[in-house]
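*Asks:* All chains should be modelled from the sequences, with the hints used to inform the complete structure.
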Amino acid sequence: MKWLHKDLLDVSQLSRSEVMAIFETAGRFQELQERPVKKVPTLKGRSVILFFAEPSTRTKTSFDVAGKRLSADTFSLSKSSSSLTKGESLKDTALTLQAMAPDAIVIRHWCSGAARFLADRLDCSVINAGDGRHAHPTQALLDSFTLHQEWGDLAGKTVLILGDIAHSRVARSNVILLNKLGAKVRLCGPRTLLPPAVRTWPVEVYSDLNEAVRNVDAVMCLRLQLERQKDGLLPDLREYARTYGLGQKHVDLANQDVKIMHPGPMNRGVEISSDLADAAGSLVLDQVSSGVVIRMALLFLYMTRKGEE
Amino acid sequence: MAKADLIVRRAKMDGKDVDVFVSRGKIVEVKKSVRSLDPGDAIVEEAFGLTLMASMTDVHVHLREPGYEYKEDVESGLRAAAWGGFSNIMCMANTKPVNDCDSVTELMLEKARKYWPKGPRLFPIGALTKGLSGKELAPMAELARAGCAAFSNDGVPVKSSKIFRLAVEYASDWDRVVIDHCEDPYLGVAAGVNEGEVSSRLGLPAQPDIAEALQVGRDILLAEYLDLPIHLAHISCKKSVDLIRFAKQRGVKITAETTPHYLTMTEDILEAEGTQYDTNAKVNPPLRTEADRLCMIEALNDGTIDCLATDHAPHALHEKETEFDVAPCGITGLDTALSVTWQLVRDGVLTREAFTRAWTTAPTAIFKLPVNTFKPGDPADFFLFDEDEQWTVSATTLYSKGKNTPLLGSTLKGRVKTHFIAGKKIV
Ligand SMILES: [Zn+2]
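Line by line, the protein sequences give chains A and B.
Following the numbering used here, the numbering of the first sequence begins with 1 at its first residue and continues without gaps.
Following the numbering used here, the numbering of the second sequence begins with 1001 at its first residue and continues without gaps.
If you are wondering where the hints come from, they were derived from the structure by calculation, not from laboratory data.
Treat the hints with caution; some may be incorrect.
Unchecked claim - Negatives, chain B to chain A, calculated, CB over 12 Å:
(1) Gly1025
(2) Glu1046
(3) Lys1159
(4) Ser1160
(5) Arg1201
(6) Met1265
(7) Leu1270
(8) Asp1278
(9) Cys1329
(10) Val1345
(11) Lys1403
What the hints assert, rightly or not - Among chain A residues calculated to face chain B with C-beta under 10 Å, some are:
(12) His109
(13) Arg169
(14) Pro195
Unchecked claim - Listed below are the simulated BS3-like cross-link pairs for lysine-lysine, each with C-alpha atoms no more than 30 Å apart in a straight line:
(15) A/Lys230 <-> B/Lys1413
(16) A/Lys91 <-> B/Lys1403
(17) B/Lys1413 <-> B/Lys1012
(18) A/Lys230 <-> B/Lys1135
(19) B/Lys1118 <-> B/Lys1375
All C-beta atoms, glycine included, are put in the ideal place defined by N, C-alpha and C.
*Replies:* Given below as structure tokens:
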């Protein structure tokens, strides 16, 4: 398949068949994961810069592993090691990155729109690894891929996204992608943690978790930023855990074999009960391994896009 | 009748060819153009069929001097005003230092006299509170004596209703109107995006329209209670308009302005391909919805909104070429206001009467500034306008130092060719 996109800014850019192509490519890389030597020379001599202006060990390691398995050279530029802390503007950072002539840049940034800002200014591929509250396309792709591995087709399935939707780029990208793949999406969280115009989204909105969870096929828990309480958006963490924390009694209301997901890192006992995170239906670790192959697929597709395959 | 010392020949006015006679900076008469005329000693300006328009007044600009001369200074701001068709400019107090003492006011006026001695006329707006802190009243008597035409805390809305009330009362002793930047300080972060569908999808912290309307409501109640005028700056949404209309029906001394960008742009610009997250469209209050935009036009046509102002807010390129969250709010406006609003008249959206009222008679009446209505004795403030000249908005065609406008790259119609203030040619 000839890949036509230069950048991956959000899943809204991708057609359903492109998503399937990503899944198919990821599936091929998955076999590689099971071999004793997990490395192929596909991207030998290509370089990927991992530019993480906001800390994230998980996503960064996942991209790093993905790049290295394809024999690409990966370079990290984090907030503390870059000149960002010295007050350099994102534009100057972009120019500096450009001068290093990478083949792709993976960016994580605390501002919505930052990935687009770079993409508009750089010739190389820009892959958004999370921008502010806006989008986290690779997470959404790996989440859907994980479910795709379990179920095959997602059409007709119901997925509940639970927690702080308002501040979550994971939720935003997942709502778009799950809809694209034919799943029904429910959201549940206190009104203070729902986006103001959530009623216009293609989702069903609940504030009562007991109702929200009824007959769902999967629950995606979101990480709660504990400072939301200080922002006044929550009265109290204990109350939050008791009202919106996913527990066994909720799972009992869902469909049999309900899948439990969490993008990590988890606040055990807050968003999710500790037992559930380790229970049979939990896909948390599958998400991590899906993360590597999805990112391998993306690096492969974006970095060989000029018909050079 | 006084002998004319300036005659503008064959200008187009309301579809007729006219000659304008000016003496000692004032209009003597405007009459149908005659084929031959003995000008005597008068200077003759040949209009070649250009449109004659009364100079406009902008009651809300940020000239940035002192303190932020790299964004704009008095000289460059007045240059943009001169070419933009403005004879009167009121400049806000959020400079560095803040215009909260007479020496700052005097510095601004001194610069204006030095660089633009023949105008545009500069009318500084003094701070309402010292340092715009919202805590202590600024010395308004001193500021009024130094030449401040009004008072405002624009940029930093006064949180305390008590301080705001005292400011309105104190300003009235000096016959000055207070201009309020309406924004509830707790509900309304200066996010530069309207809270709603677009902000929800883009994942940006946003300001709801009620952040503005709540404060509009407070000001209406205060104005009614005190029976004193309050002018509401840059009104952007339907909820505010509804309150203002209600207040005017009750006879409350409320006046209000809106800007060309609320008449012509919406939040959708921030989501559109090519302009997504465009920091040039980051402005406070934010661009609202299409329903709000249509309401603003209607309110201007029916006089609920009294006047237009640009809220000219120049910023340097590097300040806007950054992440959306980090970029400052503001759109540069003096250069484009006339073309943009005249296009609305041309399109039949804005009435000619509303245009004239909004840019000339209403703002000058509210703040007691000179105005030209082409009646004998009026100041000879007018410009010759080429309605059909097309120009592309770019760094080189804008006279302001501020190039921060979502209109960059677009083609507008209408350019000022010559501008006279008090009968003197300024450009
Ligand atoms: Zn303001």
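*Asks:* The structure should be examined with respect to each hint, and the outcome stated for every one.
*Replies:* Here's how the hints hold up against the structure:
1. Listed as a non-interface residue, B/Gly1025 keeps its Cβ farther than 12 Å from every Cβ of chain A; the least gap is roughly 49 Å.
2. Separation of B/Glu1046 from chain A is adequate, the least Cβ-Cβ distance of about 48 Å exceeding the 12 Å criterion.
3. No beta-carbon of chain A comes within 12 Å of the beta-carbon of B/Lys1159; the shortest separation is about 17 Å.
4. Chain A leaves B/Ser1160 outside its interface by the beta-carbon criterion, the shortest separation being 21 Å against a cut-off of 12 Å.
5. Distance to chain A contradicts B/Arg1201 as a non-interface residue, since its nearest Cβ pair spans about 7 Å, not more than 12 Å.
6. Residue placement check: B/Met1265 keeps its beta carbon more than 12 Å from all beta carbons of chain A (closest about 18 Å).
7. For B/Leu1270, the non-interface assignment is contradicted: its Cβ lies about 9 Å from the closest Cβ of chain A, within the 12 Å cut-off.
8. Consistency note on B/Asp1278: stated as away from chain A, yet its beta-carbon is not over 12 Å from all of that chain's, at 9 Å minimum.
9. Separation of B/Cys1329 from chain A is adequate, the least Cβ-Cβ distance of about 15 Å exceeding the 12 Å criterion.
10. With a least beta-carbon separation of about 34 Å from chain A, B/Val1345 lies farther than 12 Å from that chain, consistent with its non-interface assignment.
11. For B/Lys1403, the non-interface assignment is confirmed: its Cβ lies about 15 Å from the closest Cβ of chain A, beyond the 12 Å cut-off.
12. Interface restraint check for A/His109: the shortest CB-CB distance to chain B comes to about 7 Å, inside 10 Å, so the restraint holds.
13. The interface hint given for A/Arg169 holds, since its Cβ lies 6 Å from the closest Cβ of chain B, which is under the 10 Å cut-off.
14. The beta carbon of A/Pro195 is positioned within 10 Å of a beta carbon in chain B (closest approach about 4 Å), and the interface hint is therefore held.
15. Between A/Lys230 and B/Lys1413 the CA atoms are separated by roughly 52 Å; this puts the pair beyond 30 Å, and the hint is violated.
16. For the hint pairing A/Lys91 with B/Lys1403, the CA-to-CA distance comes to about 18 Å; that is within 30 Å, so the pair holds.
17. Proximity of B/Lys1413 to B/Lys1012 is assessed by CA-CA distance (about 17 Å); at most 30 Å being required, the pair is judged to hold.
18. A C-alpha spacing of about 26 Å is found between A/Lys230 and B/Lys1135, which places the hinted pair at or below 30 Å, so the restraint holds.
19. Pair hint B/Lys1118 plus B/Lys1375 holds up; C-alpha atoms about 21 Å apart against a cutoff of 30 Å.
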